[in-house]
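Asks: Using the hints, put the two standalone chains together into the complex.
Chains P and C are the protein sequences, given in the same order.
To convert, note that position 54 of the first sequence is 54 in our numbering; the numbers rise steadily by one, no gaps.
To convert, note that position 164 of the second sequence is 164 in our numbering; the numbers rise steadily by one, no gaps.
A portion of the hints provided could be inaccurate.
What the hints assert, rightly or not - Straight-line alpha carbon distances no greater than 20 Å define the calculated EDC-like cross-link-like pairs of lysine to aspartate or glutamate that follow:
| id | chain 1 | residue 1 | chain 2 | residue 2 |
| --- | --- | --- | --- | --- |
| 1 | C | K98 | P | E77 |
| 2 | C | K96 | P | D60 |
| 3 | P | K62 | C | D85 |
| 4 | C | K88 | P | D60 |
| 5 | C | K82 | P | E34 |
Hints were generated in silico from the structure; no laboratory data involved.
Letter by letter, the chains look like this.
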Amino acid sequence: MKIAIPVDEKTLESNVCASFGRTPYFLIYDTETEESVFIDNTAAASTGGAGIKSAQIIVDSKANALLTPRCGQNAVEVMQSADIKIFKTISLSIKDNIAFYIDGKLPLLDVVHAGFHGHGGN
Amino acid sequence: MLDFMDTEAINMKIAVLSGKGGTGKTLVSVNLAAVAKKSTYIDCDVEEPNGHLFLKPEEILEETISVKIPMVNNELCSGCRKCVDFCKFNALASIKNKLIVFEDVCHSCGGCILVCPQKALTEKEKVIGKIQKGISGEVTVWTGILNTGEATGIPIIKKLLANNASVEQLTFIDCPPGSACIVMESIKDADYCVLVAEPTLFGVHNLNMVYELVKLFNKPFGVVLNKCLEEENPAERFCLEKNIKILGRIPFDNDLGTLNSNSEIVINKNEKYRELFSSLLDTVIEEVQHKTIANS
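Extracted from the complex, chain C is given alone in its bound form (with noise of 0.2 Å):
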């Protein structure tokens, strides 16, 4: 049991992740953060990081992410449109010989600037968006916040995982909803991944986009069911059905609703909850360990 563990000496990173939003990720993430005590809680849904509600984190530390971005010089442009037909965003337009570059199409790969033959292309800095970190009780939060209207937050995402892979700690990342591109970057140095799933059919599609998403990508992982009812549970059958491990269930219950919207970490408030997320933590922590080893 955890009680006898240092949960200290646990260097993991656990992923929490589900296929749309609104099941419960950052309930997940923040209370098994704040209940795991000495903890590193990274909200990489960066689109709209709501962990930080919770935890409300102090001391705030920022830095401002950039991304590189061509810059034309319309003298050097001949005009021979290389860069347009390689955009395969489209972010490039030649009208009248002068180049357009629309900033918030481009994806900055940087193509565009390597096949101009005449290097009228030259990189600019552009600021998307920002990460903070800040401490809330033992837990360390990390907080990505990408610009509104900017294409992709995957520099935001990748920069967070970088500050923390010499982290030698308990790690929860706190995933973006879906398994596009953004929830691949955040899942891809975990070492193992939580899915949250809610008991209905749509949920169960969702689930099962993250499912496949996982195997993919050969991480090991489980599933917590939430919002459970008394009544049959579509999400449950699916487990069962495809033999996945279910880490816990947390009820759908007028309390544990009323405390997440007033964004309280219920852990704090109800000794019922601290218990399921303790015995949730335990659950994950023996997973990890027996995966690892079963792949070691």
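So that you can see chain P by itself, here it is in the shape it has in the complex (with noise of 0.2 Å):
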């Protein structure tokens, strides 16, 4: 089982990243191997339509799931295209999510902003 989390820096010790689509890096963590790889979020510097394009990032990565703090409106259409879930984040810690995911004690994400299209976009 593979997870994609949004990440402030390239270590398992740095946090989760407050933003989904302009996040500098993803994690794509395997539960079963513990292999870890980070991946550049080439989407971040997008003008418009970042978390469309970080979702691709995702999809294309293979992986099962998503661990995110939030996730835009059209980004969750993208993850739902590719029947891949979106688990909401509850600890700063990326480490301590993990946990959390495997334990199954992290919620489904259920609450979706808009998205802050139009910012820049024009």
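Replies: Right under this line is the structure:
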């Protein structure tokens, strides 16, 4: 099972990034092999539609679940099309959230914001 | 003076702009249009057009405005992602070899359709807003209205200005606030730009934005100082330092504010302001003629 998390730095000791679409990196963590791979979020500097492009990156990483503090409507639509479940992180720590996820303690993300469209997209 | 001038014979396009909302663009535009009598007023502030609240046009004619957005035939799509990579606005995603189009994010550039090797993408029309034409006394009133949530009002502004390109009349273009693409589109064909400024440091910052814009576009321009108080005016100081022509001063006045907030055309209600805007119109027309001669 692979899970994706937006993270501030390329280390497991770092924190979950507050933004999904504009996070600098994603951690792709394999819960079976306990292998960590950090990938650059090439969507971070987009003038618009960063959530859509970030979601595409997550889909392409073959992750089965996304752990994030928040997520916009368009990104959710991409995740749903790819059958990727979105869970809400409940701590800043990457490691804690992975442990919570494995224990089944993370809630599904049910509050989705409408996105921040139009910020520099014109 | 205007009294001896035949405004019907004047053909010039005057754009009214400012770096932020609420400085008085619409106050200046609608009152200049009303005092000029036979004129055209175009509201290019398509995200929140409000000139019609003052001019109250009648005999409204309406036309919807559409843009072209991509439509995918997933049977033809090979999942090559050339379109996804091409789109600078990230309006496309390819999931399980199915293409998803985010219509609200699309800016209608048509690029995805051009790059698709399978011809899986075609264009379809999407309504983004409308334009209205009406009459208010002798003023022809055009209003652009962008539907909420749409990416850009530029197609609506283009249509408004294209419809008026051949109209040989004194025309006032009420621009959107700021200095972004939609403002550039609005001033592109203007003969002269009137910048409206507030007497604050923030006002100077915003004035500077549009000042740099009109310089970049090489447009002749002048400033109207709005909300003037007795005390020192940072916007006026800015104009003096940069050697910018001050076209007129509108006082920070309770009567004016009340009339304006009751959506009145102030020149019709107050003789003092009729004279102020009449004199402002004279100054603007003289400036345009002067600049046109100087540049020819």
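Asks: Starting from the hint list further up, note which numbers the structure goes against and sort them upward.
Replies: 5
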